[in-house]
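Sequences and hints are given; from them, build the entire structure.
Note that the protein sequences, when read in sequence, are chains B, P, H and Y. When we follow my numbering, the leftmost residue of the first sequence carries the number -19, and every step to the right adds one. When we follow my numbering, the leftmost residue of the second sequence carries the number 69, and every step to the right adds one. When we follow my numbering, the leftmost residue of the third sequence carries the number 175, and every step to the right adds one. When we follow my numbering, the leftmost residue of the fourth sequence carries the number 5, and every step to the right adds one.
Read the hints as simulated data drawn from the structure, not as lab findings. Note that CB positions come from ideal geometry on N, CA and C, so glycine has one too. Take the hints with a grain of salt, since some may be wrong.
Residues on chain Y that point at chain P, a partial pick, calculated with CB under 8 Å [what the hints assert, rightly or not]:
1) THR29
2) SER30
3) ASP74
4) SER113
5) LYS116
Derived DMTMM-like pairs: lysine to aspartate or glutamate, alpha-carbon spacing no greater than 20 Å straight-line [claimed, not checked]:
6) P:LYS446 / P:ASP551
7) H:LYS538 / P:ASP118
8) H:LYS548 / P:ASP551
Below, a sample of chain P positions facing chain H; criterion: calculated Cβ distance under 8 Å [to be verified]:
9) THR140
10) THR178
11) ILE310
12) LYS639
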Amino acid sequence: MNNRVDPDFIKSLNKFGRKDWNACMHCGNCTAVCTLTDRGVLFPRKDIRTLQMGLTSKLATSVEPWMCYYCGDCTDTCPRDANPGELMMTLRRWLTAKYDWTGLSGLFYRSFTSLVIAFLLVAVAIIVIGFIKKFNQADIMHFGHSLEFWMIIGVFCLILVPNIFRMFYFTVIKPKVGAPFGSYITGFFSLIGNMFTQVKTLKCDKQSLRWFEHFLVVIGYLGLLVITVYLDWFGTINQIIIYAGYITGGLVFFFTLLLMFSRLSKGSQLTKYSHSTDWFFIIWLFLMGLTAFLVRVFIDTGLLTDHFWLYMVHLIILAQWGILLVPFGKWTHFLYRSFAIYFSNAKTSGLKLKGQL
Amino acid sequence: MGENNLTGIYFCFPKNGNTDVVDISEVASYAGSIPEVTVTWHSGNLPLTDINSLAATIRNKSIKRIVIAGDTPGFEKAFFTKAMVSAGNNPEDIVLASFREHGAISRADTERAKAIVACAVFGVPFDLAAAPDESDVNTETLVIGGGISGIQASLEIADSGNMVYLVERTGTIGGHMAMFDKTFPTLDCAACILTPKMVEVGQHANIELMTYCEVRGITGTPGNYRVTILKKARRVNLATCIGCGTCSEKCPATAPSEFDEGTTLRKAIYIPFPQAVPNKYLIDADSCRYVQEGKCGVCAKVCPVEYCINLEEKDQEIELTVGNIIVATGFKPFDAKKIERFGYGRFPNVVTSLEFERLINAAGPTGGEIVFRTQDKKGNWIFSPDSNKPKSIGIVHCVGSRDENHNKYCSRVCCMYSLKLAHLVKEKLPDADVYEYFIDMRSFGKGYEEFYERIKGEGIHIIRGRTAKIEEKGRQLMMRSEDMLNDKLIEQNVDMVILSIGLEPRQDAKEVAKMLGITTTDEGWFNELNYINDPVSTFTGGIFIAGTCQGPKDIPDAVAQGAAAASGVLKSISNTKIKQSVKDLTLDKIESQAKQLTNI
Amino acid sequence: MEEQRIGVYLCWCGTNIAKMVDVESIAEEVGKLPNVVIAKNYKYMCSDPGQELIVNDIKEHNLNRVVVSACSPRIHELTFRKALENAGLNPYLFEMANIREQVSWVHTDRTAATRKARQLVKAAINRVVFHEPLDKRSVDINPATLIIGGGVSGLSAALEIGEAGKKVFIVEKNSKLGGHTADIDLTYPYMYSAGQMLDSMVQRANDNPNIEIFLESEVDEIFGYVGNFESKVKDKNGKETELNFGNVIVATGLKPFDAGKIDNYGYGKLPNVVTSVEFEKMLKTGNILTKEGKEPKNVAIIHCVGSRNPDYHEYCSRICCMVAMKFANQIKSALPDSNVYELYADMRAFGKGCEEFYSLSSSKNILFLMFDQKEGLPLIKKAGSGDNCDMIIEMEEKLSGENIEVPADMVILMVGMEAQDNAKDIAHQVGVSMCGNDFYIEKHPKLDPVATTTDGVYIVGGCQAPKDITDSVSQARAAAARILASIAYGSVEVEVTTASVNEDVCCGCQTCIKVCPYTAISFDEEKNVSVVNEVLCKGCGTCGSTCPTGAIKCKHFTDVQILSQIEGLMTLEEV
Amino acid sequence: MDFEPKIVSFLCNWCSYTGADLAGTSRMKYAPNIRVIRIMCSGRVEPTFVLKAFREGADGVLICGCHPGDCHYHEGNYKCLRRYHLLQKYLKQMGIQGERLKLEWVSASEGKQFADLADSFTETIRGLGPCKVKENVETLA
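In structure tokens form, the structure reads like this:
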């Protein structure tokens, strides 16, 4: 029977983040203080209740955790120090694992060692390939370039798309909300918008600066992606592309640096607690930006031939990023968030149809 | 005792980070030196987990009795009981040595902690062993605080024919109760039931009423305390003032009325409220022009009685000697400004429950009309009878209470008075919508639950969900809350919001405690000798606590406590002997007395 | 009737009265009235010179009646009565006319106000003519006290009075002192040992020569009135002891609700559904085991059993929430890896340290689930084979709106508290009244929570309403204070303005006996007349107005006094 | 000169009289036609008192007691209420309009209510005009 309460679940959740949400006495403050809650979109209290009772299947249907941008108001004003904000973060991790059909992201969240091993394996693989190709610069750079390309295709088709569909199944199909087909069409554009701007963040008070940082990182990241993969930054001689590459790369590693500092200083609620995977994500993003930047510098200064190891390093980081972090880590959040909004809009219009709202 | 009755002592370490606590290891080493004790052990800060190994130890060391010592060792008892049973022992042979119970809280109390452990080992109740010597008692009593508890205590003692000095900080007795309109759950008006008692105090032959006075210092010993009292300059002669009010009429200076929670203005020379006891005027130095600027003095000129008003009067100090002291200093309301999200102080029509009590009171600033707060010519925000009436009112429970960010504790009365206010609003404005937001409805007393049910039936919207913030929406106020029982988010627009503010210790509670030589909780509530069965005595002989200064309380409980404290006093008067302070007992004395008791 | 020599005094109260009432003219007029020896007006009658004025005149003109017309008698009647006493005159030969609060302060037309004042004064003069000297009466107090019930309330009261050196009789129906507290392992919120606390109290009681304890005994009907009660105590062997005492404390406590009445909980049918009372025993004996002798993996605690439910008791039993919380903590301590569920309605953690106790407990993986009795009670069923637990509780969880199942190997029912079965009998024996729930009614719910309408009889602890140990102790001591005070004073003042029966006129219809709220009137069979016990009478006068033959006289409010007062009000209309 | 009603009113000591005093202390103004007689409890009010008042020339009689349940003597006010209904019947038989006798509950805090009551009742009586009882009796005699 799936509505049997299970107090042990909350313990298993501890792997995904900081514990002790039993402190919550259900005063409802968090839900009411949150600027993003709305009719039909109630969080975090309801999710706290569901997880306290350990109703996992119900929890899996919840899109609310993706609606939260972690401004920390709920945690600041919680009368029991139950830290609802961090709970939302933890649930996002738990859901990511839930959606992922390979089960790898769950594994990485739960055990740090397995994550490290995975990283080493990838690194070794790259080095081995390097051997096979006798460290021939042109070959390897060609390989690297095509690797990037296939990685994106592969990850997208094999993991991200299926996971999105799993998410769709858990949150919309299973709970049987008859969302009208039209609502998916109409919602699509806002989906794209949200995906790249995450503009909803701005609804939180005192979040605009963070949003801007975040936005620039995304721009920089996507820019770098396009420039290296499709405009072959390392191969091209087109000055414009080269400079564009420099700018985007710079953006990435500069702003990731900022983000890292804010995590270290633990200023806001958001940055108080960091899961190991958060660090991996941000550091690798930073390294990617940095190494890419340096590689191009070395190319332009003609140093690369003598210091080809640099490209190897870049390639390793790139592979780890693309194969491990993108499909199984925090990277997916920006997909899930946008789709969550997309689905929940569909849901609400479904409920409206039923007259439940 | 002896071989066949070996005792093991387990020490629990305090779990919270507090550092100024009893030195457990010192107590432990002391305990080791007691012959009857075979083994002492403690888990450090780890919680106990393995019952079987504990049972094994008990069996191997053939321990027959166990003493669990620590701040609140009871939390571990069930664990030990089980272990004892599985070790084949009698679970009755577990004794708690609770430091907190007997007032050993800080490092300074380590000696007493040892004594507590000793008594537990000897199997002697601590309060029997820790019996202080007795001495003669002065039959006169000092009562500090003229609220309902103080009044009750004074009357109980005075009726026995013994002298009572009732010292009150303000110009009249009555305390907070006098400010209330009705009282829950019977809804009889506070003034009607309180003022006769106040008059009784004023006229009682055995009560010397000392209003507008403050206790400044206390010396001496239980049964014979010397008290220094500051008699603040009232500038009006209590004996000759006939309360005609001419002075007040003519007085040009005004100030916010304390009695009306500043919701209206009073003159510089005033009677706090019509039924004040003593019903005599007093001059508030801070707002009196003569005192401040040296000119004016109209009151003295218009006063029909000669030499009644003396603007030059100065504060003076008085000495008293008393045998017992009852502390009934009461509480102070929580400052709603501390919670910015509720906008108290920014939005004029967010009012505190106490302000509302005055507003709705037939003898209040508007004669009981519920109106909006408006600004007078001088720019003071006041309630004036001629302003408009709200059509909808919201009530927020637990303001400042049950909140880690403010006061952890529950203020005990807010739920009920909020229901009462809701009812009164409906009574005065039948068409008004009333919305009440609560967390847990704590209607626990006699007739309280029935009252709750009655209110539910009066068309008041009672919603489970703490209001998180209040924002101005046009001319109205928007209250944002989650209605969790109906799975809804509510953004309710209302005309006026009542914040049900909690109770706090008086700001000077800790200094007062220091002066009296009694202890307080971290918040500042006075500590009782034993929370369970001696809630009014303290560790200092001849000093008793009554009413809300010990912790939040409703009127019946405060009254009961006032009387209970009086009984402590009458006890000593009646057998002409008073117990000295428990806190002054030395370890040796308690030890030896405990030994004596075991030999009996 | 001796010659009437009345002195009338009108007060200006500065301008307060004089401004609106022409006191001088009134003084002049009433001065002319028969029996009025002197009529004076003065600035402040209440002031010392004002009072001296009266005293001197009484002596000088040997007045035997005084009328003062000034402020409300509620403010200064006592003052002036004292003045009369000082002058050696009986204080009741005095009447007051209220021309400030009820004339000068409330009217705007001076002539009208003056006319009204004049009439009030005249009425007072008319009335005072018929005033009679009344003597303050008081009865001596027997210093002994009877305490019915040896629970923690009765015990604390006994200790308080006994240790004050006064005689106390405790009558306890069980074989040991301590009541319910004796069955409790620990007390909330600080987990003190109830047993250790009680041990010392009982020892103190036993060692105290002033405290006489009757175990397994019951009290017979109590006769007499405040200060002088008498009754018999019967022990189980039928041995009777005569007792005389001045005050009574009723501390009979309460009893747990019978959980069997609620079908949903299957108490009595399902072996592992136990009451909070039974569970306390488990805790004391240290074996928290199911009937099968296994350690329960899942323990569910259900709140408000029999409380807050109109089908059983509408009231809240006040302590169950915290006791349940205490249980949860003890279970977690004894069975660290068990799951504890609390099925509650509102968490009533209101006492000192209780909210902190609640939040502390929350951090111990205790699952709090909310239900609403109005929308159906949780249902306890035997679990199926695959459930790997003994019982299943089906409930609608209010905080999530989910219909859920809670696994349980043991269910603890937090049974509420209700009045003792014999509450009514005791009420009759001691003469206290009861409310709908059979709890005793206090004299005033707020300002007199332990006294009753019968002087000298006090109710403390659970018999007045459910309450925890602390609050019971406070009440017990409150009662003790009253009693110690009355003993110290040695006597109690009794109402002077009582009713009395003129036996020649009384027809013995006994109507008065029916209407008297204080059972102060009894019937004398031989003389066939009603007799007023002036100690019990509070002087409300209801009997007087009911008496068909006018045999009952309400002192100081006699018919003739009031009737002539009416005449006074109506005369002197157009002067 | 136009008709000024004469009204006798019986106030119980614990609630209504205190309420009337409160009206005074808070300086509320009301018609001067009410003349107050203080009794311990509204239960003390005998029919004779009321009749006597009319006999002596009162145009109206007002009785005030504690609100139901608040009676200082538990139920004196109920007793009074019962008697009031009987009296109403009796007055009619005597040809006195029932409106001339009024029973109201006034608590110690209801100074305002008392003032309003005094005014409204005075107006009622003014509307009814003088009560003839006294004259009739005297002409008979």
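Self-check item: Indices of hints not satisfied (ascending)
Solution: 6 and 10
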